[in-house]
Structures are given as structure tokens and as C-alpha cells.
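Numbering (this note's numbering), first residue to last: 154 to 461.
If you are wondering where the hints come from, they were derived from the structure by calculation, not from laboratory data. Every residue gets a Cβ at the ideal spot worked out from N, C-alpha and C, and that includes glycine. Among the hints, erroneous ones may be present.
Unchecked claim - Simulated restraints, written as ranges between beta carbons of each label pair:
{"no.": "1", "residue 1": "Arg438", "residue 2": "Glu186", "range": "28 to 36 Å"}
{"no.": "2", "residue 1": "Arg321", "residue 2": "Arg438", "range": "25 to 33 Å"}
{"no.": "3", "residue 1": "Lys263", "residue 2": "Ala301", "range": "21 to 29 Å"}
{"no.": "4", "residue 1": "Ser296", "residue 2": "Arg178", "range": "37 to 45 Å"}
{"no.": "5", "residue 1": "His214", "residue 2": "Gln456", "range": "38 to 46 Å"}
{"no.": "6", "residue 1": "Ile344", "residue 2": "Gln456", "range": "35 to 43 Å"}
{"no.": "7", "residue 1": "Val206", "residue 2": "Tyr290", "range": "32 to 40 Å"}
{"no.": "8", "residue 1": "Arg210", "residue 2": "Glu186", "range": "36 to 44 Å"}
{"no.": "9", "residue 1": "Arg427", "residue 2": "Arg455", "range": "16 to 24 Å"}
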Amino acid sequence: MFFSVVIPSYNRQPILEKCLQALRRQQLDSTVEGYEVIVVDDGSTDGTWEWLVAEAREFPHLRSLWQNHQGPAVARNLGIEKAKGDTIVFIDSDLVVTDHFLQAHAEALKQSNSNRVFTYGRVINTCNFDTPTAEPYKITDFSAAYFATGNVAIARKWLEEAGLFDTRFQLYGWEDLELGIRIKQLGLKLIKCPNAVGYHWHPPFTLEQIPQLIEKEIQRGRTGILFYQKHPTWEVRMMIQMTGLHRLLWGTLSVGGRLNERTMAPLLQWLIDRGKPQLALEAARIFLNWYNVQGVYEEGRRQKALRC
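Could you build the full structure based on these sequences and the hints that come with them?
Printed below as a string of C-alpha cells:
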């Protein structure tokens, strides 16, 4: 078993450095022939590519690729195309893994006694940049996703048979879960791998982040329609929040949009000032989810108008 760790990156140089340092420290036994790390710089403007070139000797397993900014789907496909490994590991460039990360994936794959499986590791969210691995697991870190590229290992042949990532997903969201639908149709079984731990870093929540978060939710709504067009099922409708239940839920909680980034700003800042940025972010999800639902239905109406 030879691993190719594929990492798309866009303007995340400081945390990418921690990500690569962690991968450099991997401890493996004879069940793993070796590994490589492929970083695809998706047209970063923060000096990521220059840093990768300058520091190449510091990371002996690293291979760096560059592309114009086209999104993670295109970047991951490029990484798969250039990979040498028979097994692909996907992580994000803001994930810091433990020393036994790859070994844990290898052991779980081997113990399954089947080649029609893939492994999904544990992701722990943290805003601790200095020591991200000090963060404890929290109930909010639980994920029921079938295939999410934050921490997954899968045989390359299944990705190729499923057709790789759909490169039409250039806005934020859903490209990995959409591929997961096609992988599930191949009959692959998900094996949870809690010993393959990655710590997903994000900066502490501030009010300055809100415009970008709103834009992401609107984009996620728009790409959700593309997801549904490809797989018009009730399961996908639930995933992208395109149901009357979601409109009622987030419309009620946001009081028809009256609880928004302006009216909730004093409460959010009060929580932040008291050292509770994560709680502030969870409160902000009231209006962030309302923006997402609006984005879904707006794009749905736009697509319907285009067909008429």
C-alpha cells in the first residue's frame, strides 16, 4: 500500500506549513510501502507557491503543483492524475494530523478484509493555531457524512471508476458529497477510523468574518441546486436544505430574516468579548442557514426561468 496524500490549497500558507510538518512526522510500519504528499496550489495570492518552492527540501515527501484558481474539485482531480499511489488520502490544507494518521488509515483498510471499502477519519475543529492537537473531541465535531474530503482514504481505482470530482462545482460546497453519491452507487462501504485524527483549524470567529460566511452560504445554496440536478432524490433535498421544513425552521428561528447580521451583532460581539467565539458562531448560524436556504430557492427559481 502506497499513499498519495492530496491537498488542495488556496491562500492558507501559515496553516499549510503546520499541515506539512505533521505529515513529515508520520510513523509507519511495513504494511505501508511509503507515501507522498501532493499539494495543489489553486492559484494562491498569499505567497503559498513561492513558499512551497523555497521550502521544498524541508519536506522530502512533498510534490507541489500549481494551477489557476479553479476550485478544489479541479485541484483534487489534478492531484489524483499526478499521484503515484494506489491509495489516495484527501485532507484539507488547514488540517493538522497526528503522527500515526496514515498508519491508522492503513490498519483500518487492511482489517476490513475487503477491497470495496474506504476509511473516514476523525476531524476535530479547533481555533488553537499554536497547538491545534491539544483540542479535545466535542459533540459538535461529530459528522454523519458518507464521503467528505477533510479526512478520507480510498483506493484510486474507485475514484477513477466513479468519474472523479465534477469540475462544474467551482463555487463553495458539495463537490465531495456529490462524488460520494457515485461512490455509494459502486457499493463501497464506509469504515469509520477514529484513530486517524486530524485537527481542523479555523481562526476564532469575529464579526469581520460575517460577509465572507454569508457569501459562502449563498454559494452553497447555488451549488446545492447543481447537486440536486445530478441526483434528484429526497436524500439530496434534505442535505441541501431544499424542503419546506428547512424554510419553516430557519425562517422561524430568524423571524423571517429579522434576526440577521445587523440585529444580532451586539449579542455576537458580547459573546466574543467574553471569550466565547464558538458559541457566537453557533448563534450566527441562525441567519447563516437562512441565507443558505434563500440561496437554494433563488437558484432554483433562476434555473427554472432559464428552462422556460
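In rising order, the numbers of the hints this structure does not comply with: 1, 4, 8, 9
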